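Participant: Letter by letter, the chains look like this.
2 protein chains.
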Amino acid sequence: MTGKPRLASIIEALPSTVPFVGPEAQERQLGFNFKARIGANENVFGPSPKAIRAMQNAVPDVWQYGDPENYDLKNALAAHHGIAPENIMVGEGIDGLLGYVARMMIEPGSAVITSKGAYPTFNYHVAASGGNLLTVPYRQDREDLEALIAMARSENSKLIYFANPDNPMGTWWSADELISVISTLPDDVLLCLDEAYIELAPENTAPPVDTDRPNVLRFRTFSKAYGMAGGRVGYVMGEAQMIKNFDKIRNHFGMCRVSQVGALAALQDQDYLTQVFSQVNQSRNRIKDIAEKNNLSAIDSAANFVAIDCGRDGDFAMSLLSELTSQGIFIRMPGVAPQNRCIRVSAGTEKDLDLFEEALPVALEKLRRNPA
Amino acid sequence: MTGKPRLASIIEALPSTVPFVGPEAQERQLGFNFKARIGANENVFGPSPKAIRAMQNAVPDVWQYGDPENYDLKNALAAHHGIAPENIMVGEGIDGLLGYVARMMIEPGSAVITSKGAYPTFNYHVAASGGNLLTVPYRQDREDLEALIAMARSENSKLIYFANPDNPMGTWWSADELISVISTLPDDVLLCLDEAYIELAPENTAPPVDTDRPNVLRFRTFSKAYGMAGGRVGYVMGEAQMIKNFDKIRNHFGMCRVSQVGALAALQDQDYLTQVFSQVNQSRNRIKDIAEKNNLSAIDSAANFVAIDCGRDGDFAMSLLSELTSQGIFIRMPGVAPQNRCIRVSAGTEKDLDLFEEALPVALEKLRRNPA
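Chains as they are written, first to last, in this note's numbering: chain A, 381 to 752; chain B, 381 to 752.
No lab work stands behind these hints: they were computed from the structure. Values in this document were obtained by computation on a predicted structure and should not be read as measured data. One thing to keep in mind: the hints can contain errors.
It does not matter which identical chain is used: a pair holds within one copy or between any two.
Said to hold, decoys possible - Here are the computed lysine to aspartate or glutamate pairs in the DMTMM-like style, where the Cα-Cα straight-line distance is at most 20 Å: (1) Lys-731 to Asp-592; (2) Lys-668 to Glu-730; (3) Lys-430 to Asp-441; (4) Lys-668 to Asp-568; (5) Lys-668 to Glu-526; (6) Lys-668 to Glu-737.
Same shape as in the complex, but just chain A (with noise of 0.2 Å):
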């Protein structure tokens, strides 16, 4: 042959990067099985008992396609945040929510904001549509989200992504300190504002969803608190026309049945989720306590991970993760400075911590009597 097939000029040029690395993937390259797996921020705790025999009982019913509209669980999350279903879009994670985003605003050249070392699927999905990602650097391990939208104005950009709670730092804004900085986004410039972790942080850590608002979409998820990382259901609130636009985008039966149905029992099951908040409440503090009795600083996080303040630069932090991962224990790091002196840890069963707490003075050990 001497052709071959012409791929978008846009597509054509881009790596073919992987935002993360699975632990299964480290798992067969590393020829072991981690003991304890408390590295991508699943909930270790899982769904409700309730949500699992929901979705067993659903597994059946597998050979019909999910109802495309999420009728059902749509006016349940409407009922539960006291909006109207129209104010609600379901999609296949944030993940996925937000690839659908990147595709309804940016054009090739767009600027798009985000903080520096932010979550990288985001920037993954802007890489793909052509949008050009500027950066703002974290302040005092927070998202800068004034500085976010000065630069939106500066750069003339449409589009802003923040977290709140933050990913990778767990740092967060009250809704109050959120409600008075989003008062100065302009009109025309849409924040994301990725909740994955809410459930988890402390109360007024949320504004109240604001449907009268285009410009703010407010993400949300089952792959935390609700302990559904594997079954790929997410959300999104906002004004009813912007939520609309979803429509002309987004795989119409791209949901899985057995998912929508756990998603459902999940929602309906808020006396687990308040068990679940307790639980990796406990958790983070336990994992501060092993930080600080290892000599190293935990920053204090709303969602369910703590960022282990390392104390020294990201080649240090890296080599620490490495010595963890040769132990058993999969967790993951920041990707870029200064964040990256910090070692991300995700909560744990009991036992999960302790694997962690056995673990991280034999590898601090292993790299004061071998420095990098």
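Since chain A is already given, all that's left is putting chain B on it; use the hints.
Facilitator: The following block gives chain B in isolation, referenced to the frame of chain A:
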């Protein structure tokens, strides 16, 4: 507010169309539930009982993201097809994979070739990427692959979509016929060969997968013969470099973990697939019999549905469909003339087809007495 978010111009201009209205939405509108769900080419015989058990057992692990590399499933598929894992990409159903291809290939104004009245979801993805969709008429109720390739040449198109067996007509070309026509495909034109129904077609319908040829991609799914439409598992096979391009744009963590497990178990139960083939075949024959008893003719089908030629125009077929709908029978019909003289009935259980057999003459009689 004065301004509003500035959407990408292609998306701004799109209508919020929905490729298909789901049966659940119809039920909500009608105020009753369908008695027979034989409209969406779902597999009423369901997945292998082994796949059901495997999925039920996997549900408690849904707190974990699925393996983004789909390693186990991909390797099993590679062994099944006698190709390398590098020649396969797993994705969120063929719908999801076609969306990726549209983004991979199409630039605003790119000519894209399909048959007039073929799969609407492909057209939907083309529109969202700003492609210029050009259509070739069916010839004797079959997609006209020669004419599609000719139009790709004359219009300098880089992308052709073609389904074998075809949906909505169920007609097909043999492997030999396909190989012969594909040999004339220009090197720089990509053919998306949608084989959603291939496992239900006669032997010698699928050409061998030629992994040396970058310009043919073969799309398969667990939604049809394998009975897992609600699980959202598809895959695409082709030359390794072309396949690798999906890594630039796909949702790496987009697969439902439970569905990954289910697809693997379904693939491993080929005996069950043989049984489904026989059930679908019986069902096709019975739909044909029912049609003929009512003086309608059935078009031979290699898929899990039968297009029944109602012998009149699209309005008549639409009226017949409405009558059947009001009797609780969910079916669909082709959207475009001349195929829209047909109604399309999916393979059903004995009971489904009993209901259809009962409803069809009543509906026809009603139309005879009250012509539109």
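Participant: All hints are to be evaluated individually against the structure, with a verdict given for each.
Facilitator: Quick rundown of the hints versus the structure:
{"no.": "1", "hint": "Lys-731 to Asp-592", "verdict": "neither (47 Å within a copy, 49 Å between copies)"}
{"no.": "2", "hint": "Lys-668 to Glu-730", "verdict": "within (14 Å within a copy, 62 Å between copies)"}
{"no.": "3", "hint": "Lys-430 to Asp-441", "verdict": "both (18 Å within a copy, 14 Å between copies)"}
{"no.": "4", "hint": "Lys-668 to Asp-568", "verdict": "neither (41 Å within a copy, 57 Å between copies)"}
{"no.": "5", "hint": "Lys-668 to Glu-526", "verdict": "neither (29 Å within a copy, 67 Å between copies)"}
{"no.": "6", "hint": "Lys-668 to Glu-737", "verdict": "within (11 Å within a copy, 68 Å between copies)"}
Violated hints, listed in ascending order, are 1, 4 and 5; each of the other numbered hints is respected by the structure.
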